[in-house]
Amino acid sequence: MSMASALRELLRSGPGFGGAGLMCLLILVALYVLLAFPLDFGESQWSNPVVWVDNPKAVPPTWTNALRREALPLHRVFEGTEPHTVQMARSGPVHSWRFPLTYASSHPPTFLAVTLADVKYAERPPLVLISLKRPDGKQLRIYRHAVRGPREDESGPFQRYAQTPLRVQLSTDEATVTAAQNFLADEFDLRLNGAQIGGRVDRILFGVPAGDSDEAFAPLTGDYEIIVQAALRAEGDSVGKVRFVVGGAVFGLMGTDSLGRDLARGLLFGLPVALFIGVIAAFMSTAIGTTLGIASGYLGGRADITIQRISDIVANVPVLPLLIFMLFIIGPSLWIIIFILVAFGWPGLTIQIRSMVLHMRTNQLIEAIQSLGASRRRVMFRHILPQITPYVLAQLIFAAPSAILAEAGLSFLGLGDPSIPTWGQILETGFRTGGIYVGYWWWIVPPGLCIVLTALTFMLLALGIEPIVNPRLRQPAS
Amino acid sequence: MSLLRPLLVRSLTMVGVFFVVLIMLVLTLGLTGFSDRILAATIGEQLRGERTALAETIRDPDEMEKVLEKRREELEIFYGLSTPWYYRLPRTALRVLTLDLGEARTLRSFDGSNRVFDIVTERVPNSMLLLTTSLIITAAIGIIGGAYLATRQGSWLDRFVSGFAAVSFAVPTWWIGILLILILSIQLRILPSGGMYSTPPPTQPLARFFDLVSHALLPVITLVLVSFGPSIYSIRTITLNIAQEDHVKIARAKGLPESRVRLRHILRVAAPPIVTGLMFGLAGSLSGSILVETVFNWQGMGRLYYDALAGTPDENVIVALTFIFTLMYVVIRIVLEALYVFLDPRVRYTD
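Chains A and B, in that order, are what the protein sequence lines are.
Quick note on the working numbering: the first sequence kicks off at 1 and runs consecutively.
Quick note on the working numbering: the second sequence kicks off at 1001 and runs consecutively.
These are computed hints drawn from the structure, not numbers from a lab.
Please note: incorrect hints may appear among the correct ones.
Going by beta-carbon spacing under 8 Å, a handful of chain A positions derived as facing chain B [as the list claims (entries may be wrong)]:
hint, residue
1, Leu267
2, Val319
3, Phe412
Even glycine gets a Cβ: it sits at the ideal position worked out from N, Cα and C.
Put together the whole structure using the sequences plus the hints.
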């Protein structure tokens, strides 16, 4: 059967069509990830807390708001480099950034944070002020920061926060707490002590006292404005970047984990890794299994007996305990996982191929080639192998899901390769940190679904291919 | 005589498996220098203890160093660190073979013993309880469902089950466990999310039993859920193949009652391959149980693996667990192989 007609037949069967379609989709996504993500994503981003510091921790995906009666606040990030307005004051130029924020949620933001970077000044350090303008017309200053002045042995121009930006979590900042305290006292004549305010700054800033008790606040929705002002002392001084984060209670397409990591990115990166594990492990174990199977069936005699005994033994080794043991001793590495899966994955195929080759050996074509003086190697690889190739191909695809599942299971036990994030590892952190017991389903369900989807794609493809390559199964249809 | 030979061959294969695993354990421990590191750490620890004791009597620091150095050499000989690993480890392996498994570092058995043998063996019944229960349920569903489906070949139910079986292969068992916890015990609060008994455990034997059952329900459901599809499907296929054979037609032609045909002429012949299927199912669930026990905090050998790996790893426990796991697996397999040889008269002549 030609390739084209085989393909047509594959696409005509239900599982074959589904499998081929899904596989195309997975490959496209995997290619996108390979192009869009750095290869060292695991080390440079995923396990680097700095990358995720401005994300809300352990919040569900944004789209869940559609299912909720009361929408949770969205995550808002405001960033500015060039100032929106420049004014001249007596002390020097004042750069300001104004970020409009329409706040519609009845829940307060989960946190407020500000980041300053790349501050340059010639002589005297600038002063940074942040104010919040509320829909009720009230305005309060929530943050004030004097950039550190010159050190004794330092000479200008001075650079601050170039390497490590200054980041302040306003929700827990003492100055902001005091500002909120004063604000309540001045505007609402409500006097609360620090302990009463602590941890509820966001609620106070984005609400009004509810009246029925001193500590109750009703949310205040409407148009807010965040005003960042940098009072510079000389022409040419500058604040390179300001970033203001209004922490949401929902985030992105897939939510975040307890470190604030964007799960969508982790899940995306897991795809090429899973495909790689599946394909490499399946390819290598199939290659070994086929070679040994052909050798065993065709050569016969002592080679046959030896290979059969060895594959009998290897086929019966309980792999998972051994994998756990080896990874524990040698250290978690993706390569060790693949190596062991290959080392113990070939015998099943060897036994099957052997019996196929045994039938074939008595075939007249093979006998004719032998009597023409073809070498044994030539017979095995030029004449026997092509005949069983379609069958081997189907087995290759069948072998991939088990490798993917095995890696996921090992990662779940905490034996995953720490430099490469995988779906199993995401599940493991979700489980180990107790995310499952507080119902963080967006952290637990999607990685598992990804594993199932990928494994299922291979299964469907194999199911579609099998009747085409296995004549025994095709007979009843014709 | 004819029975003995196949039995012997199969048992020898399994013994071979056992030794292959043992050799691999020894090689990994030795070649990576892991065993040396562990022994050096043990000796270092002991020396530190002795140093504080000696500090009472020996004041001179130089003399102290000399005494400790001498003591270190003694200890190295005692622990065998002075001999290379390829002499030492085989002896250790032999010791392990006699179930002398050493002592755990941090893990303790339920009554506080630090002998690895105690820690591991008290977990074996817990694991077996979970495994055998789910295996028996799976087998029962498989045989009943498979035999039924074989009479409904090509129906929508038949197609559904074969699709379901294919999906089952693509689903990680432990993830299903997590999902069940998420739905049944966190959201709906019907069943406990983990452990074997409530805290505090009920004292009455009957209440205690029901407490155990309620805790076992989720893990057993998990294991059964993932394995019953393939089980039904494979038994259906085996039964179908045999139902198409000539001797069944003859039996029907003789006018034997259908129930008798099914029991004596189909299921009896199908028994050996079904047992084979269950044997491999057992292999799968033995491994799968490591993960399922972890998910449900079931105090079996699988959970012990997780506990020994987490935090400060307990090497002795991990080595012993791998060993006992393989041993158990091999013993169960030999028993089942023997059963197979008795069940299938054909093996006695063909092998």
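Against the structure, the hints:
{"no.": "1", "hint": "Leu267", "verdict": "violated, 14 Å"}
{"no.": "2", "hint": "Val319", "verdict": "holds, 7 Å"}
{"no.": "3", "hint": "Phe412", "verdict": "holds, 6 Å"}
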